[in-house]
Amino acid sequence: MVGDTRRGNKLLGFLEDRFALSTLLHLAEKKKVPIHRHSVWYYMGGIAAIYLAVQVVTGILLMVYYVPEIQSAHASILKINSQIDFGWFIRSLHSWGANLMIAVVVLHLFSTYFMKAYRSPREFTWLSGLLLLVLCMAFGFTGYLLPWDDVSFFATKIGLDVAAKTPVLGGIIADLLRGGEAISQATISRFFVIHVAVLPICLLGLLGGHLLFVQMHGMSEPDAFKNLPSAKKTYEKFFPNFFFKDILVWILALNVLFVLVMLCPWGIGPEADPFGAAPIGIKPEWYFLSMFQFLKLVPPMIGPIEGELFGILLMGIAALAFAVLPLLDQGKSNSMSKLATAYGVIIAIAAIALSVWGALS
Amino acid sequence: MEDNAATKIEEEDKSSENPAAGDSHAETDSHWDLDILGEGQVGRGTMMRTAMGGIALLWGGMTLYPIYSYLKPKASDKDEQTKVTSLEVCKVDELPKGSGRNFRFGSTPALVIHTPDGEIHAFKAICTHLGCTVQYRNDKDAIWCACHGGQYDSHTGKNVAGPPPKPLAPLKAEVVNGKIVVSQA
Numbered sequence: 001m002v003g004d005t006r007r008g009n010k011l012l013g014f015l016e017d018r019f020a021l022s023t024l025l026h027l028a029e030k031k032k033v034p035i036h037r038h039s040v041w042y043y044m045g046g047i048a049a050i051y052l053a054v055q056v057v058t059g060i061l062l063m064v065y066y067v068p069e070i071q072s073a074h075a076s077i078l079k080i081n082s083q084i085d086f087g088w089f090i091r092s093l094h095s096w097g098a099n100l101m102i103a104v105v106v107l108h109l110f111s112t113y114f115m116k117a118y119r120s121p122r123e124f125t126w127l128s129g130l131l132l133l134v135l136c137m138a139f140g141f142t143g144y145l146l147p148w149d150d151v152s153f154f155a156t157k158i159g160l161d162v163a164a165k166t167p168v169l170g171g172i173i174a175d176l177l178r179g180g181e182a183i184s185q186a187t188i189s190r191f192f193v194i195h196v197a198v199l200p201i202c203l204l205g206l207l208g209g210h211l212l213f214v215q216m217h218g219m220s221e222p223d224a225f226k227n228l229p230s231a232k233k234t235y236e237k238f239f240p241n242f243f244f245k246d247i248l249v250w251i252l253a254l255n256v257l258f259v260l261v262m263l264c265p266w267g268i269g270p271e272a273d274p275f276g277a278a279p280i281g282i283k284p285e286w287y288f289l290s291m292f293q294f295l296k297l298v299p300p301m302i303g304p305i306e307g308e309l310f311g312i313l314l315m316g317i318a319a320l321a322f323a324v325l326p327l328l329d330q331g332k333s334n335s336m337s338k339l340a341t342a343y344g345v346i347i348a349i350a351a352i353a354l355s356v357w358g359a360l361s
Numbered sequence: 001m002e003d004n005a006a007t008k009i010e011e012e013d014k015s016s017e018n019p020a021a022g023d024s025h026a027e028t029d030s031h032w033d034l035d036i037l038g039e040g041q042v043g044r045g046t047m048m049r050t051a052m053g054g055i056a057l058l059w060g061g062m063t064l065y066p067i068y069s070y071l072k073p074k075a076s077d078k079d080e081q082t083k084v085t086s087l088e089v090c091k092v093d094e095l096p097k098g099s100g101r102n103f104r105f106g107s108t109p110a111l112v113i114h115t116p117d118g119e120i121h122a123f124k125a126i127c128t129h130l131g132c133t134v135q136y137r138n139d140k141d142a143i144w145c146a147c148h149g150g151q152y153d154s155h156t157g158k159n160v161a162g163p164p165p166k167p168l169a170p171l172k173a174e175v176v177n178g179k180i181v182v183s184q185a
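Chains R and A, in that order, are what the protein sequence lines are.
Numbering-wise, the working numbering puts 97 at position 97 of the first sequence, and it's gapless, one number per residue.
Numbering-wise, the working numbering puts 69 at position 69 of the second sequence, and it's gapless, one number per residue.
Among the clues, some could well be false.
[Stated by the list, open to error] In silico EDC-like pairs for lysine to aspartate or glutamate, Cα to Cα no more than 20 Å straight-line:
id: 1; chain 1: R; residue 1: Lys116; chain 2: R; residue 2: Glu221
id: 2; chain 1: R; residue 1: Lys165; chain 2: R; residue 2: Glu29
id: 3; chain 1: A; residue 1: Lys166; chain 2: A; residue 2: Asp117
id: 4; chain 1: A; residue 1: Lys172; chain 2: A; residue 2: Glu119
id: 5; chain 1: R; residue 1: Lys30; chain 2: R; residue 2: Asp246
id: 6; chain 1: R; residue 1: Lys232; chain 2: R; residue 2: Asp246
id: 7; chain 1: R; residue 1: Lys32; chain 2: R; residue 2: Glu306
id: 8; chain 1: A; residue 1: Lys172; chain 2: A; residue 2: Asp139
id: 9; chain 1: R; residue 1: Lys165; chain 2: R; residue 2: Asp150
id: 10; chain 1: R; residue 1: Lys233; chain 2: R; residue 2: Glu29
id: 11; chain 1: A; residue 1: Lys166; chain 2: R; residue 2: Asp161
id: 12; chain 1: A; residue 1: Lys158; chain 2: A; residue 2: Glu94
id: 13; chain 1: A; residue 1: Lys72; chain 2: R; residue 2: Glu306
id: 14; chain 1: A; residue 1: Lys74; chain 2: R; residue 2: Asp175
id: 15; chain 1: A; residue 1: Lys91; chain 2: A; residue 2: Asp153
id: 16; chain 1: A; residue 1: Lys72; chain 2: R; residue 2: Asp175
id: 17; chain 1: A; residue 1: Lys72; chain 2: R; residue 2: Asp161
id: 18; chain 1: A; residue 1: Lys74; chain 2: R; residue 2: Asp223
id: 19; chain 1: A; residue 1: Lys140; chain 2: A; residue 2: Asp117
id: 20; chain 1: R; residue 1: Lys338; chain 2: R; residue 2: Asp150
id: 21; chain 1: R; residue 1: Lys10; chain 2: R; residue 2: Glu29
id: 22; chain 1: R; residue 1: Lys283; chain 2: R; residue 2: Glu271
id: 23; chain 1: A; residue 1: Lys74; chain 2: R; residue 2: Glu181
id: 24; chain 1: A; residue 1: Lys140; chain 2: A; residue 2: Glu174
id: 25; chain 1: A; residue 1: Lys166; chain 2: R; residue 2: Glu306
id: 26; chain 1: R; residue 1: Lys32; chain 2: R; residue 2: Glu236
id: 27; chain 1: A; residue 1: Lys158; chain 2: R; residue 2: Glu306
[Claimed, not checked] Label pairs and their in silico Cβ distance ranges:
id: 28; chain 1: A; residue 1: Gly54; chain 2: R; residue 2: Phe86; range: 18 to 28 Å
id: 29; chain 1: A; residue 1: Pro165; chain 2: R; residue 2: Phe110; range: 26 to 36 Å
id: 30; chain 1: A; residue 1: Gly106; chain 2: R; residue 2: His217; range: 30 to 40 Å
id: 31; chain 1: R; residue 1: Gly205; chain 2: A; residue 2: Thr85; range: 23 to 33 Å
id: 32; chain 1: R; residue 1: Gly269; chain 2: A; residue 2: Arg49; range: 43 to 53 Å
id: 33; chain 1: R; residue 1: Lys226; chain 2: A; residue 2: Gly54; range: 45 to 55 Å
id: 34; chain 1: R; residue 1: Glu181; chain 2: A; residue 2: Pro66; range: 51 to 61 Å
id: 35; chain 1: A; residue 1: Pro165; chain 2: R; residue 2: Glu69; range: 30 to 40 Å
id: 36; chain 1: R; residue 1: Ile201; chain 2: A; residue 2: Thr115; range: 33 to 43 Å
id: 37; chain 1: R; residue 1: Gln215; chain 2: A; residue 2: Pro66; range: 35 to 45 Å
id: 38; chain 1: A; residue 1: Arg49; chain 2: R; residue 2: Val198; range: 53 to 63 Å
id: 39; chain 1: A; residue 1: Thr85; chain 2: R; residue 2: Leu107; range: 47 to 57 Å
Just so you know, these hints were derived from the structure itself, not from any lab.
From the three backbone atoms N, C-alpha and C, an ideal C-beta is built for every residue, glycine too.
The task is simple: from the sequences and hints, build the whole structure.
As structure tokens, this is what we get:
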């Protein structure tokens, strides 16, 4: 291979000497993807990545016209939606893309969990993935305020008040984010900076690590596949076989996004009125809906502690257990493995049930 | 800190191998006589590691403190002009019985209600649950929060249903010359 490129083409030879292309190609060809009935889940990370790329491109384009200022923010989105050529298209791609990305990331999370792909040596791939999900939700939360319409105002208000109820640092963090006692210009400025500068830097670093771990450890093989006699195990090459299928899946994923954007372009509500009443029927984005519904169900006081605080603590413990159980389930104990699976099923069912309940009530 | 602990254990191991070493200053490499606290002699490496750690912490603190102060909202950011003690909301005729009106009272949202039995009450419109802005609902004759469905009594502001843990903060409402005047309770 090395010999070929050197003799065959001067340009390739030039690049080969500088970038060791054949080594990279060799790595890509050596990487193999197991073929089994759960192989479809291997595409989830890739789909999330292509949606992320859409977010980056459309986000940069939106920044050209968006004005992070309390009197102009809502008007600038209206202008993007109605006066700028393809403005509605770019903005709808960004809003729909964000939702699809979180949906795919959640699928990626649960497929990883139930295939037990978190087991040694992939613990850090699991943890970095979880942090990436948290970052995605932070992107969603900060981006939601920026159009400054009535729902975005109250969503931010509730979100920050929930944060403020968290013991120890909650109050300080909520104050730093809000930039004062009430949601104001300071909040818009801070959320804007976090959304377009702080979170992207964190995401790049973390995603780099996540992808590096994936390359280092190769594709995870579920137990059922791993225990097959080696003659019965089938693999395909990552490059070119899986890679081209990946591209096909990306095209499909982009098509889903385009269809949604065309059929239901993203709108904008009336401008936020900090002194008006919360609009009837206000609800958070679907990915916060289960938590919203859960907090709604908790009674005002549970013994001596406020219900809200109790609810936050309970959800925190449930989330922590979801992050930590995989570190304990390393495939050595059958009961631990069953416990982890059962817990995942409970969390998934609870999240779906609460979300549906929240959406309907 | 773990490094320090590890070093100590190593040193202890050495001394257990060679019982004489523990007492002998000459055995170990160049100790400084810094045994102020009576904790045994401090090796140069330990000293340097501790100093480096300390400097790193100090430097981190020195960097983070200005950043924190820069980002921390100032108490004086609360606009002095928005401090209000009393406010004329509207004429009584403009607020028929069985209706309410949200208005701005200084820097907080507020609500005045003309109840079906003809009383006028005012409250800060901040839900005690998670701070949403509440409104009067004629169909329930109650103050209601759209965010999580909390309800308050329209006469007293007492939390009667849903998640709110406390009653609404009251304001004083009076009718002066046919106008509704709201002031701090």
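Going through the hints against the structure:
Between Lys116 (chain R) and Glu221 (chain R) the CA atoms are separated by roughly 9 Å; this keeps the pair inside 20 Å, and the hint holds. Proximity of Lys165 (chain R) to Glu29 (chain R) is assessed by CA-CA distance (about 52 Å); at most 20 Å being required, the pair is judged violated. Of the pairs offered as hints, the one joining Lys166 (chain A) and Asp117 (chain A) is violated, with about 25 Å between alpha carbons and a cut-off of 20 Å exceeded. Between the alpha carbons of Lys172 (chain A) and Glu119 (chain A) the distance comes to roughly 12 Å, so the proposed pair stays at or under 20 Å and holds.
Our distance criterion of 20 Å between C-alpha atoms is met by Lys30 (chain R) and Asp246 (chain R), whose separation comes to about 17 Å. A threshold of 20 Å between alpha carbons decides the hint, and for Lys232 (chain R) with Asp246 (chain R) the separation of about 24 Å lies outside it, so the pair is violated. Only pairs whose Cα atoms come within 20 Å are accepted, and Lys32 (chain R) paired with Glu306 (chain R) is rejected, the gap being roughly 53 Å. For the proposed pair Lys172 (chain A) and Asp139 (chain A), the alpha carbon gap of about 24 Å is over 20 Å, so the pair is violated.
Restraint check for Lys165 (chain R) and Asp150 (chain R): the C-alpha separation of about 23 Å exceeds 20 Å, so the hint is violated. Of the supplied pair hints, the one linking Lys233 (chain R) and Glu29 (chain R) holds, its CA atoms being roughly 18 Å apart against a limit of 20 Å. For the proposed pair Lys166 (chain A) and Asp161 (chain R), the alpha carbon gap of about 15 Å is at most 20 Å, so the pair holds. Taking the CA atoms of Lys158 (chain A) and Glu94 (chain A), the gap is about 26 Å. The hint is violated against a cut of 20 Å.
Among the hinted pairs, Lys72 (chain A) with Glu306 (chain R) is inconsistent with the structure: their alpha-carbon atoms are about 27 Å apart, more than 20 Å. As the CA atoms of Lys74 (chain A) and Asp175 (chain R) are separated by approximately 10 Å, the hinted pair is consistent with the 20 Å bound. In summary, the hint linking Lys91 (chain A) to Asp153 (chain A) is not supported, as the alpha carbons are separated by about 24 Å, beyond the 20 Å threshold. In summary, the hint linking Lys72 (chain A) to Asp175 (chain R) is supported, as the alpha carbons are separated by about 7 Å, within the 20 Å threshold.
For the hint linking Lys72 (chain A) to Asp161 (chain R), the alpha-carbon distance of about 17 Å falls within 20 Å, and the restraint holds. In summary, the hint linking Lys74 (chain A) to Asp223 (chain R) is not supported, as the alpha carbons are separated by about 57 Å, beyond the 20 Å threshold. For the proposed pair Lys140 (chain A) and Asp117 (chain A), the alpha carbon gap of about 14 Å is at most 20 Å, so the pair holds. Of the pairs offered as hints, the one joining Lys338 (chain R) and Asp150 (chain R) is violated, with about 45 Å between alpha carbons and a cut-off of 20 Å exceeded.
Of the pairs offered as hints, the one joining Lys10 (chain R) and Glu29 (chain R) is violated, with about 23 Å between alpha carbons and a cut-off of 20 Å exceeded. With a CA separation close to 17 Å, the supplied pair Lys283 (chain R) and Glu271 (chain R) stays within the 20 Å bound. Distance hint between Lys74 (chain A) and Glu181 (chain R) is fulfilled; the C-alpha atoms sit about 10 Å from each other, no more than 20 Å. Between Lys140 (chain A) and Glu174 (chain A), the direct Cα distance comes to roughly 24 Å. Violation of the 20 Å bound is thereby established for this hinted pair.
Using a Cα cut-off of 20 Å, the hinted pair Lys166 (chain A) and Glu306 (chain R) holds, with the two alpha carbons roughly 10 Å apart. Proposed proximity of Lys32 (chain R) and Glu236 (chain R) is supported: the alpha carbons are some 6 Å apart, at most 20 Å. Proximity of Lys158 (chain A) to Glu306 (chain R) is assessed by CA-CA distance (about 17 Å); at most 20 Å being required, the pair is judged to hold. About 57 Å separates the C-beta atoms of Gly54 (chain A) and Phe86 (chain R), a value inconsistent with the hinted range of 18 to 28 Å.
For the hinted restraint 26 to 36 Å between Pro165 (chain A) and Phe110 (chain R), the CB-CB distance of approximately 35 Å keeps it satisfied. About 59 Å separates the C-beta atoms of Gly106 (chain A) and His217 (chain R), a value inconsistent with the hinted range of 30 to 40 Å. Remark: the range hint 23 to 33 Å for Gly205 (chain R) to Thr85 (chain A) is contradicted by a beta-carbon distance near 51 Å. Between Gly269 (chain R) and Arg49 (chain A) the beta carbon distance is about 58 Å. The supplied range of 43 to 53 Å is therefore violated.
Between Lys226 (chain R) and Gly54 (chain A) the Cβ separation comes to about 49 Å, which falls inside the hinted range of 45 to 55 Å. Remark: the range hint 51 to 61 Å for Glu181 (chain R) to Pro66 (chain A) is contradicted by a beta-carbon distance near 23 Å. For the pair Pro165 (chain A) and Glu69 (chain R), the beta carbons lie near 36 Å from each other, so the given range of 30 to 40 Å is met. A hinted range of 33 to 43 Å for the beta carbons of Ile201 (chain R) and Thr115 (chain A) is inconsistent with their spacing of about 54 Å.
As the Cβ distance of Gln215 (chain R) to Pro66 (chain A) is approximately 40 Å, the hint placing it in 35 to 45 Å holds. About 33 Å separates the C-beta atoms of Arg49 (chain A) and Val198 (chain R), a value inconsistent with the hinted range of 53 to 63 Å. Roughly 56 Å separates the CB atoms of Thr85 (chain A) and Leu107 (chain R), a value that falls within the hinted 47 to 57 Å.
Violated hints for the displayed structure, listed by number in ascending order: 2, 3, 6, 7, 8, 9, 12, 13, 15, 18, 20, 21, 24, 28, 30, 31, 32, 34, 36 and 38.
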